Every structure is written in structure tokens, then in C-alpha cells.
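Chains as they are written, first to last, in our numbering: chain A, 257 to 692; chain B, 1414 to 1691.
Don't read these hints as lab results, they were simulated from the structure.
Quick caveat: nothing in here was measured; it's all calculated off a predicted structure.
Beta carbons: idealized from backbone N, C-alpha and C, even for Gly.
Please note: incorrect hints may appear among the correct ones.
Label pairs and their calculated CB-CB ranges [unchecked claim]:
no., chain 1, residue 1, chain 2, residue 2, range
1, B, Lys1573, A, Leu494, 43 to 49 Å
2, B, Pro1603, A, Gln372, 53 to 59 Å
3, A, Ala283, B, Gly1452, 55 to 61 Å
4, A, Asn460, B, Trp1539, 26 to 32 Å
5, A, Leu494, B, Pro1603, 52 to 58 Å
6, A, Arg407, B, Val1466, 44 to 50 Å
7, B, Ala1459, A, Ile611, 43 to 49 Å
8, A, Asn459, B, Leu1440, 28 to 34 Å
9, A, Asn460, B, Leu1648, 50 to 56 Å
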Amino acid sequence: MNIIVVGLSHHTAPVEIRERVAFAPTAMAKPLAELVALSAVTEGLIVSTCNRVELYATSRDAEGCIAQLRRFLADYHGIPLEELEKHLYDYRGEEAIRHVFRVSSSLDSMVIGEPQILGQIKTAYGYAAEFKTVGLILNRFLHKAFSVAKRVRTETEIASNAVSVSFAAVELARKIFGTLTDKTVLLIGAGEMCELAAKHFLNNGVAQVMVTNRTFERAEKLAAEFKGKAIPFDDFPLHLQRVDIILTSTGAPNFILGAKKVEEVIRQRKYKPMFFIDIAVPRDIDPKVNDIDNCYLYDVDDLQGVVQSNLKERHKEAKKAEAIIEQEIGQFFRWLGSLDVVPTIVALRSKLEEIRRGELEKTFSNLKDLGDKERRAIEALTAAIINKVLHQPTKVLKQAQDEAAGDGYVDAVRALFDISAPSPEGDIQPLDDSDE
Amino acid sequence: MTLNILLFKITLLLYLGATVLYLVDVLLRKELAGKAGRGLLLAGFALHCATIVTRYLEAGYTPVTNLHESVSFFAWTLVGIYFLFDLRYRLSVLGAFVCPLALVLMVVGSAAPKVAQEINPMLDSWWFPVHVTLAFSGNAVFTVAFVAGVMYLLQERMLKSKKFSGLYHRLPSLQTLDSINYKCLTIGFPLMTMGIVSGAVWANSAWGGYWRWDPKETWALVTWFLYAALLHGRLTIGWRGRRAAIFAIIGFLCLLFTFFGVNLFLSGEHSFKALSGQ
């Protein structure tokens, strides 16, 4: 049985194409039903996010299945296949397994290590399970992918450092202050990035947010949003003494905060550290502030630099993740291979033959006075019993080969007769969302 | 080889293993290694306790009369104090800095002559263990302050220059390091003070005078003033962060000289020669 992946992602298709082939998350019943109705498709699943649309399927006929899936994607959305084709990729067998493991571990994401993709795949799997378009193989496959993703998350630091400017600011503040719970943030001016950072600080438990703006109404509005306090723009230097973190993004052409003033403030604060985040261009705060003891000043470029180095860290961690995935692919691929009918029949036969040999030896050593003729008769008898017993199971297995149920039979035979199949670790576990 | 030397050598090996594991943790970011290192260090500490006790029983006096004994005792108090801090802060990176120091002390100790000798009868006083335990514990606490100071400066440099090495991700926040510095000061200073006072009291009962300006006493007093200045600066002027870290480092260097320099290079009642009664 083959695992097939056909799809497109931000690597291969621009957003104009991606939005046209996206499946609405609220109406998955119809496309899923049409997907498994395809003649070459045994089991099927659809993943659709803003960055990727992918079809996962199992099939006995890899070539045919890939062709049908491509056609399905084009036809379903009414796009000419010729137009769509150049954006599509397809994987089969080991490649397909690697691809899905990488996607769910967020190695294929636009921002490596971002956490949403795993949840999105879980949702996609939830729909497929609800509409019963997944069977033994995709069930195991997806659960395996989830556990691989979890392993990657816990064993590497792929998601541990901030990769956005506003989160990077919060992380730096933690490095300086430790806990943020008793800290006060002053927001000078307004701006999307600045407000976003203020929100992150609030979510990380800062005690108070103060807002100032040249237009006081604006300040009041923002302050209400953050449940903070608005202060008149001209008064803000008076409040600096009580402020630990200062976010600025005004449109002022000159520095609104000079090194002299900060030196004075920090002395009043008994040198308790201050963290300045200057997102404005042109800058609001004199860069010399960074040279003052216990003052830390980051401008927009500095924060971008932190983000870049964090991204580099993530890429380093991604290498570790690839190694984990390679390990897991091997295991899963062996289990998948064991589902083939012919090797199973051979294994079943040799298992019974082994039992027969063992029992014969025991019997013959107890009955030493048996003649050659009797011995041959007993051997023939036992061989005939085994052939008769195996006849029906063999027939069923061979017939079921081309149906979805076939894998179930193979799996059952392996379990019932204890024919060791290298199984992917553990049994199928219920979906848990606890790790999100 | 007597039992305590054997124990000493095993302790040394355990500290070596712990150091390697801690460094693997911090440099290669394998947290499991740090946990294993902590286990080894704890085992090493237990053996070290046994080393000190057996040495005491074999020699019949508190074992700080020569270089070998002194550095071993220093390392012992250092690791002990580290575990006290570990209870509160749980920082394996602190271990990664303290453990190598303890190891260096042990290596110095293993290179020094280990023979127990006839000692000055004056040491046969219960003031002796009191005095040295207080003084050594103070030293150990200030060593932790030194380590926190070094970590603070490293981290501060990275935050200011905006260039981050791998170590950055393992270092605790500046605030934590500064609070360790402060904590060490508030614990170490009273210990050191009591160490000096108990020494003076003992000197009075032994020699009939509290203070003789022997080099050790002089240097201890210099070190004491340094730490007193830092404590005063912290409490009243609000010295903290970088300045406090630098002070803790200078204080430690002074303390090292008081510990090693005076005993080895200068003569006086505290030199090992005098202690051994020669």
C-alpha cells in the first residue's frame, strides 16, 4: 500500500493560487466524500490552511492515484489543470511520509517552528475521522505524525525563541528583569508595532501600562484599551522615574529623550534597570542612552537583529529535528511494508511450519519404536492439516488485497498469529490537544 | 594510601565528571547532562564529607593546617554552599561555573603534599574549628557572589552589544543574578565578620591579644572593608547590577590573595609553616 501526497504550499504557489484551491473548513464533507470516491484512492484526507493545500491518500496504484488527485484538485475548484500543474508537488512512499512528518513538525512552515500547523493538521484529521474517510493506515500515519511533531517540540528548541519584533522585546525584558509582574510600561506615541508589543507585555503580566500621545484623546483611547493610565505628553518626563519599560514610536523628527535626562532619572531610581524600546524612524531616543549603566536601548534594527539570530537558531535546531524525523520514518516505513499481503502469507506459513516441526520432533523422540513408514505418514498428515487450515485465510488475504479492508486483515493476521511486524511505537491513542 | 586520601581522589574524579557534564549542558545545551552533573556533584559532596571526617579522625585536628587540607576544605564548603543556593534558585548554569572552581581547588589540593604533620599545640582548641568554619563558609559564599558577578557581566555585555552567544540562552535574568549577588553579600558578610571576631577572641585566649597585624589579619581586614563598602553602597546609594558585580569580583580576588597569597608567600601566624609548628 502506498501513501501519496499531492498539494501545493507557499514554497510553490503564490497566494493568488493558494486562495483559489483552499477548501472551506466548514464544509469538508463534500470534498472528502468526492476524494475517497476516486477509483485509485483507498483512504483520503484534506489539509487546507492559508499556506498550503494538501491531499493525503493511500492507494495500490501510485501513478494512477497521483494523476487522479491532481485532476481532483483542479476540477473541484474549476481551475484548468494546465494552470495549476506547475504549482503542484507530489510525494509517494518514504518521501510522502517524510513530507508529512516535516509539515506537522513545522519544518516546512514559512516561519520554522510556528505552532499553528500541528493544530491545523489535527483539525483536518478530525474531519476525515468524522466522515470516516481515513482507515487503518492514515489513522496510524497521522497519529505517528503528531507524536513525531511532539518529539521534535520537546527534544529540540525549534520553537523556543521569539521570531517577531514584539515578542523579541518581551523576551529581552525577561532577560533584564526576570519577572515582569511588578513592572510598569510607558507607551509614547502610537503605532501598530508599538501597540502590539504593549499587548504582549500585558499578556506577560506587567503591572501597569501608561500611555502618552501628543493628542491626549488618542492617549486616553489607547489607555482605555489597555486598562492603563493616560498622561499628557508634556508631563511624561515626570513619570519616567516610575517606569521600567519604555516603548516609543512617535513621528518626532528629533530625539524626544536624551541621555542627560535618562542619567538623571536612573539616579533617582537608585539605578534600577530601565529598558527602552525605540521603534520610531527617525529614532526617538538618543542612542547614547545604551551606554548608561543599567539602561538598555534597542531600536528597530537591533530587534530585527535579535529576530534574525533567533531564526538562525531555529534553523540550527531544525537540523536536529530532521534527524529525529529520519529515525521515525524508518520505523513507520517498516510497519507499512509489513502490511503487504504476500510476505504476510509467507510469514504465516513458516510460522505454522515451525510449530509443526517442533511438535513432530517432540512426538518422534517419545515414540522411538516408530518405523519409517509411520513417520512419513504422520509427517504427511500434519502437513495436510496445515494446508487445509491455511487455505481459507490465504484466499481471503489475496482477495482482500485490492480493497481497503485488506490492510485490516493483514494487520489482524499478524496480531493473531504473533507474526512480528515492526510496529510504529505504541498503539493508536486518542487525539489529545493537551500539548497545544 | 590512607582512607581519606583515597576518598579525596574519588571525590576529585566525581567533581571532574560533574564539571564535564555541566559544561556539556551549558555549551551544547543538553539539559539532561546538567541533571546528571548535579547528581555526580551531590555524590561527590557526600564523599567529600566523608573525606573531611576521616581526615579529622586520622589527624586529630580540623583539617586546614596545610595547603592540601585547606583547599579541600574550601572546595567542600563551596560545594555545600552551592547546594544551598541550588535549593533556592535551581540554576544548572550556576553549577557550570561553580563546579569547575571546586575542581581547580581539588586539583591544587591533590598536587600539594598530603602528609599530616605534628601541629602547633595551640590549634588544640575548640575555637579553631569555629574560626575556620565561619571564615571558610564566608569565603565560599563570596565565591558564589563572584561567579554570579562574572555571569552578570557576561550577560550584560551581550545585552548591551546586542550580540548573543549560545550561553545567552542559558543564563538567568540580570535581576536574578543581581539578587544572588545581594543574597551572598547579606549572608557572606556576617559569616566573614564572625570569622574575624572568633579569630580575635581565640587569639586573645591563646596569645593574650586580640589583634597582632599578622598579614592574614591585615588582608582579611582589607577584604572585609571592601565588602562592607559594597554592602553600604547597595543599601544606601543603590549600587546594583554592573557595579555590584565588579565589586564582587574585586572582593573575590582580594579574598583569594588573603587565602592563598598570605599563607604561601608571607609569613605569620596563619602561614602553613607556623600552623605545622615548625
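These are the hints, each one checked on the structure:
Between Lys1573 (chain B) and Leu494 (chain A), the C-beta spacing of about 27 Å breaks the proposed range 43 to 49 Å. At roughly 54 Å, the beta-carbon separation of Pro1603 (chain B) and Gln372 (chain A) lies within the given 53 to 59 Å, and the hint holds. Take Ala283 (chain A) and Gly1452 (chain B): their Cβ atoms lie about 56 Å apart, and the range 55 to 61 Å holds. Taken as a hint, the range 26 to 32 Å is violated for the pair Asn460 (chain A) and Trp1539 (chain B), whose Cβ atoms sit roughly 54 Å apart.
Between Leu494 (chain A) and Pro1603 (chain B) the C-beta distance comes to about 41 Å, which lies outside the given range of 52 to 58 Å. Hint check: Arg407 (chain A) to Val1466 (chain B), Cβ distance near 47 Å, so the stated range 44 to 50 Å holds. Taking the beta carbon of each, Ala1459 (chain B) and Ile611 (chain A) are about 56 Å apart, not inside 43 to 49 Å as hinted. A hinted range of 28 to 34 Å holds for the C-beta pair Asn459 (chain A) and Leu1440 (chain B), which are about 33 Å apart.
In this structure the supplied range 50 to 56 Å is violated for Asn460 (chain A) paired with Leu1648 (chain B), their Cβ-Cβ distance being about 31 Å.
Violated hints for the displayed structure, listed by number in ascending order: 1, 4, 5, 7 and 9.
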